[in-house]
Amino acid sequence: MKERSSERIRTAISRLFGHARGASLDRDLDEELRSHLAFATEENLRRGMSQREARMAALRSFGNLTQTREHYRQQRGMPMLEQILADLRFGFRQLRRSPGFAITAILTLALGVGANTAIFTLIDSILLRPLPFPQQDRLVTLSADGFFPKGWIRALQQNSRSFESLAAYGLNAESNITQNGNSERVFGTQVTVNFLDTLGIHPEIGAFFSKENAIKGQDNVVILSHGYWQTRFAASPSIVGQTLRVDGISRRIIGIMPEGVQFPYNDTHFVVPAAFKGGDATDPWLGYDLRGLGRLRDGVTPAAARAELLRLHPTLLTLFPWRMPDIWASDTEVTPLLDSVVGDTRPKLLLLFAAVGLVLLIACANVANLMLAKAASREREMAIRGALGASGSRIVSQLLVESVLIGICAGAAGLGLAFLSLRGLIIALPADTPRLAGVGLHWHVFLFAGIASVLTGVLFGLVPALRMASPHLQQTLRSGSLSVIGKGVNFRVSRALVVGQIALSVVVITVAGLLLHSLYGLSHVNPGFNTGHIVTAEVSLDSTACKQAGHCQNFFQDLVRTTGNLSGIQSSALASTLPMAGDENFYTYDAEGHPRESREGAKIAAGRTVSSSYFALIGVRLIRGRLLNESDQTGVSRAIVISQHMAHALWPKDDAIGKHLESVEDEPTPALFDAKKGSIVVGVVSDTHHDNLKSGFGDEVYLPLTPAREQSSMTILLRSQLPASQVAPTLRRAVAALDPSAPVTRVRTLDEVVASSVSSTRALTLLLLGFGALAVAVGAVGVYSLIAYIVNWRTREIGIRLALGASRWGILALIFRQSLLLSVAGSFIGLTAALASARLLRSFLFEVHPLDPVTFCAVPLLMLLLAVLAAWIPARRAASIDPMQALRSE
Amino acid sequence: MGDSKSDVLQGTLDLMVLKTLEAMGPLHGYGIARRIEQVSGDTLTLNQGTIYPALLRLEQRGWVKAEWGMSESNRRAKYYSLTRPGRKQIESETENWERIAATMARFLAPSN
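Going line by line, the protein sequences match chains F and W. Under full-length UniProt numbering, think of the first position of the first sequence as 1, with each following residue one higher. Under full-length UniProt numbering, think of the first position of the second sequence as 1, with each following residue one higher.
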């Protein structure tokens with residue numbers, strides 16, 4: 001009878017239930033059959049048969065009872081599933097019977113799956129998981145090379161049609177938060193009042209900013225992060241409505257952000273509103289410190305929004321109260337928020353993922369070889385199965401179930417390994433990696449590990465299974481046992497697998513080698529200044545402290561003087577920012593002899609306000625003219641010092657000494673250069689890698705600490721032979737003596753500052769080296785086991801050779817040649833693949849050509865060495881074979 | 001086994017079971033098997049056991065339903081009865097069979 005599809009589904013469902021409730025349904029059937037036989041016996045009794053006859057007749061007419069049960073069960077359950085379960089049970093027994101094989105295979109794969117799962121966890125948590133904001137895929141950032149003033153954001157809000165809502169956020173800035181006389185440095189930022197609403201989040205308690213908070217005078221409010229509220233205020237709800245001093249300004253706490261918001265920055269603990277001064281036409285256009293955050297309208301793509309912004313750009317530029325350079329903000333990019341949060345972490349994680357993927361492939365090849373070796377010993381079993389009527393596909397499926405079983409065991413072990421290694425991995429990553437706090441095992445990871453382990457099982461099981469399913473039945477059954485050289489086993493597939501393993505290992509370590517060479521190069525770059533024996537720290541007054549003219553300048557001048565005389569401290573200096581700390585200040589200027597039109601952009605250099613002792617302390621050399629001195633700090637001399645690179649770029653033919661520069665901030669109208677008001681270059685000093693070790697020399701300006709340039713927070717540098725842990729308390733005492741409420745933070749050596757500028761390269765290199773070592777180790781084990789297996793298999797042959805007069809050296813050479821040939825072939829293929837893919841690495845490398853000869857020579861040498869090592873034990877065994885024993889053993 | 005008896009044709013057993021239930025109302029497995037043997041005039045060799053996988057098949061398709069009950073002789077037995085889709089199925093299958101039987105009859109009729 002034909003079944004309709006609905007009936008087919010019904011059947012399938014009832015079969016599924018039938019399978020699950022097997023035992024109770026079996027009892028049901030048995031009872032039904034018992035009652036059937038009882039009815040039949042009863043009827044036969046009525047016909048006058050004896051009890052015994054009646055029962056026999058009933059059974060006869062029923063037919064085969066066992067077969068009926070079997071048919072019934074087949075109809076009821078799922079034969080496929082039952083078959084797989086039977087295979088699984090058989091597979092388990094197989095594994096238990098050869099625990100050595102099982103443990104080796106599972107461990108090898110677990111390493112591969114574990115490494116993959118760990119890296120996938122990072123990818124999932126950092127790159128894939130949506131940010132914790134509703135419809136986060138519509139959130140975008142607006143960024144340009146530089147920042148926007150709040151007037152520009154307002155202009156975009158009023159004119160752009162691409163955004164449902166447009167907000168902005170400021171720089172990540174540390175502030176003094178004071179309560180009960182204790183100050184601490186806390187990171188926060190200023191945001192437009194609609195910022196949190198644009199994100200789509202709601203306050204944990206209290207409220208977010210209202211429109212009125214955007215007006216100067218009504219902006220003395222603050223919103224705290226969930227984390228800061230918990231650690232600092234023990235999550236007390238009564239905190240809302242209280243006041244907090246932020247940089248000397250009393251602000252009312254109006255609300256708390258919900259948990260999990262780490263935005264705009266990982267360590268943002270409070271936000272304050274960006275406010276407009278009513279009636280002041282220029283105020284909105286001063287202060288270039290905002291980045292845009294937008295929520296796109298339904299259906300608007302980031303590209304479309306960007307196109308609209310560029311269309312508006314020329315019109316909106318005229319809103320400035322002065323003529324802005326045409327190029328200003330013309331490079332505005334609209335980037336999906338997740339992409340801009342992730343930044344350049346994506347290619348690094350993908351590189352790691354590719355490396356661990358190769359490690360997994362190597363592990364698969366290894367286990368496939370183990371399976372092949374085992375298959376040889378099971379050839380007779382398979383032949384007998386075939387002879388008894390098992391079809392080829394039945395044997396393949398049984399073997400695949402076995403290998404998938406190994407894969408799943410390895411997956412479970414790998415998941416455990418990943419879980420255990422995750423903490424270490426997080427520590428190994430640089431601290432500024434985005435979304436690091438949210439890294440964890442989510443269901444994606446379990447799904448990934450599951451799929452990876454099943455796929456792995458199929459991958460390494462398929463080759464042996466296919467080989468085993470087509471054994472030469474009769475030959476195998478006929479040949480009693482081993483002949484001179486084991487026949488039936490063809491090492492071709494195994495050799496190919498080992499060559500593949502070596503090739504993949506070569507790719508992984510070549511990549512790791514290139515990065516290592518880069519890192520080595522980086523660590524030998526001379527930064528252009530001394531880094532040893534210098535302890536640095538940030539000392540911060542309230543940012544409002546400088547309103548009292550001269551207060552900040554006096555404080556820091558006193559500080560540098562007193563600390564310079566402390567015991568154990570050789571010298572002391574101040575700088576607005578440290579080189580290579582990642583927070584450069586820009587000095588935007590016009591230079592003598594370089595007139596520009598107002599529509600052109602001004603020149604930009606790295607600007608550093610320093611005390612006169614800075615140069616000697618950090619070892620920046622004077623090349624021409626003079627250094628800054630104490631008297632320059634009055635501001636009368638208008639002296640500045642520039643770097644050699646900058647002097648050469650500005651005035652290649654002339655002497656830079658005596659030339660004038662003017663900061664655009666000091667120009668009454670932009671692009672109106674006035675040499676009489678500008679600063680005077682009094683000296684030229686040596687260049688430094690101020691940005692990072694990778695970048696070349698740039699333009700640098702050193703400015704004296706004049707009253708006009710006084711600032712509330714500066715970095716102090718102390719040269720001392722003492723360790724940082726001893727310098728810090730001395731410094732804290734000195735600061736406390738001047739101002740007990742000024743916090744001293746970020747105490748670290750200059751060595752640490754420079755080292756942390758390459759921390760991400762170092763982390764990537766170390767991880768890749770680790771995976772490279774794993775790849776090579778697994779590959780070497782693969783070579784070893786194949787050679788050992790071959791030697792084992794050829795024992796009789798070697799015995800005969802020795803009996804016929806072959807020398808032991810000859811046997812050694814025979815075995816080593818096998819191993820070396822594999823290694824040479826693998827290295828050749830691997831290097832070819834590495835050559836082809838090296839170009840992709842260019843962005844990760846520093847002053848190392850993608851085809852770096854050092855790496856490309858070292859790697860094959862390493863592989864040859866490994867080939868010798870891996871063949872060592874088997875070769876010695878082969879050479880020590882006793883011909884008599886070898887020939888006698890059957 | 002005598003030559004006059006024939007095996008149950010594949011697929012015909014289901015219709016026989018359904019037809020029996022239609023005629024007799026709810027019935028247990030033994031009753032169904034005996035009834036089929038009687039109706040066929042003992043020309044079929046029916047291993048009574050084969051009725052059970054068939055009944056399960058019909059149940060899975062939703063054409064019959066089964067309930068435990070008590071027989072007249074006070075014995076616990078599983079009673080099968082037709083469902084509404086089962087009745088419809090009889091109609092369409094009967095038509096089908098009549099068509100096949102008529103076709104077969106035409107083939108088997110002495111040619112002239």
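Just so you know, the hints here were simulated from the structure itself, not pulled from any lab data. This one's a predicted model, so the numbers in the text were calculated from it and none came from an experiment. Don't be surprised by glycine CBs; every beta carbon is placed ideally from N, CA and C. Do not rely on the hints blindly, as some may be mistaken.
Claimed, not checked - Here are some chain F residues pointing at chain W (derived, C-beta under 7 Å):
no. : residue
1   : E7
2   : Y72
3   : Y789
Margin query: Take the shortest C-beta to C-beta distance between F:E7 and chain W; is it under 7 Å?
Written below: holds, 5 Å
Item checked: Agreement of hint F:Y72 with chain W interface, Cβ distance less than 7 Å -> At about 5 Å, which falls below the 7 Å cut-off, the nearest Cβ of chain W leaves the hint on F:Y72 intact, so it holds.
Margin query: Checking hints one by one. Is F:Y789 an interface residue toward chain W, by the C-beta closer than 7 Å rule?
Written below: Violated, because the Cβ-Cβ distance from F:Y789 to chain W comes to roughly 50 Å (cut-off 7 Å).
Checked against the numbered hints given earlier, this structure breaks only hint 3.
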